[in-house]
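Novice: Quick note: the sequence shown uses this note's numbering, first residue 64, plus one each step.
Hints are computed from structural coordinates only; laboratory data are not their basis.
Treat each hint with caution, since some may be false.
[Claimed, not checked] Here are the computed distance ranges between Cβ atoms for each label pair:
(1) Ser142 x Val184: 15 to 23 Å
(2) Met205 x Asp161: 27 to 35 Å
(3) Gly138 x Asp161: 25 to 33 Å
(4) Glu158 x Gly137: 34 to 42 Å
Cβ atoms here follow ideal geometry from the backbone N, Cα and C, with glycine treated the same way.
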Amino acid sequence: MTRRMVFAATLALSMGAVSLLAQGPGRPGGPGRGPGGGMGPGGPPGILARVHQLDLTDAQREQIRALGEEGRQGGDPGSGVRAAEQKLHAAVLAETPDLNAIETAKTALGAAQAAELDHRVAMTQKVAQILTPAQRQQLLNMQPPGGRGRGRAPSR
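Full structure from sequences and hints, please.
Specialist: See below:
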């Protein structure tokens with residue numbers, strides 16, 4: 064049973080890596096990453112921007128600003144993901160691909176993604192503590208930037 068789970072996780076990571084590799088040059092790190100992207104130390108793509116769309120009190124604005132500053136000082140958690148993606152990309156496209164190097168790069172990418180997710184969740188929890196229940200509900204109902212997110216396009 065655990066072999067199946069490991070295989071499924073490996074397959075899922077591989078599919079994610081293939082989609083990232085397919086994006087090609089000109090889109091560093093994929094959507095929401097890199098210059099002009101929504102991913103950064105502030106948390107989930109656009110969370111701080113979406114929070115600012117709410118009717119915040121001055122005290123809430125100051126607390127949110129301080130969170131953003133704290134995030135910037137903590138560094139960019141997405142940089143570890145981008146570096147791991149680049150290493151996986153290099154391992155897969157090597158002249159003679161080394162399966163061990165590919166597996167190591169996939170594992171490193173998974174760990175970097177988990178660390179980035181942990182950071183985003185922690186930041187979102189901190190933001191949620193600042194908001195009123197009504198503001199949290201309003202934020203929950205907002206559509207994230209970039210449209211419908213990942214997944215299938217709506218059928219016509």
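Novice: Of the numbered hints stated earlier in the document, which are not met by this structure?
Specialist: 2
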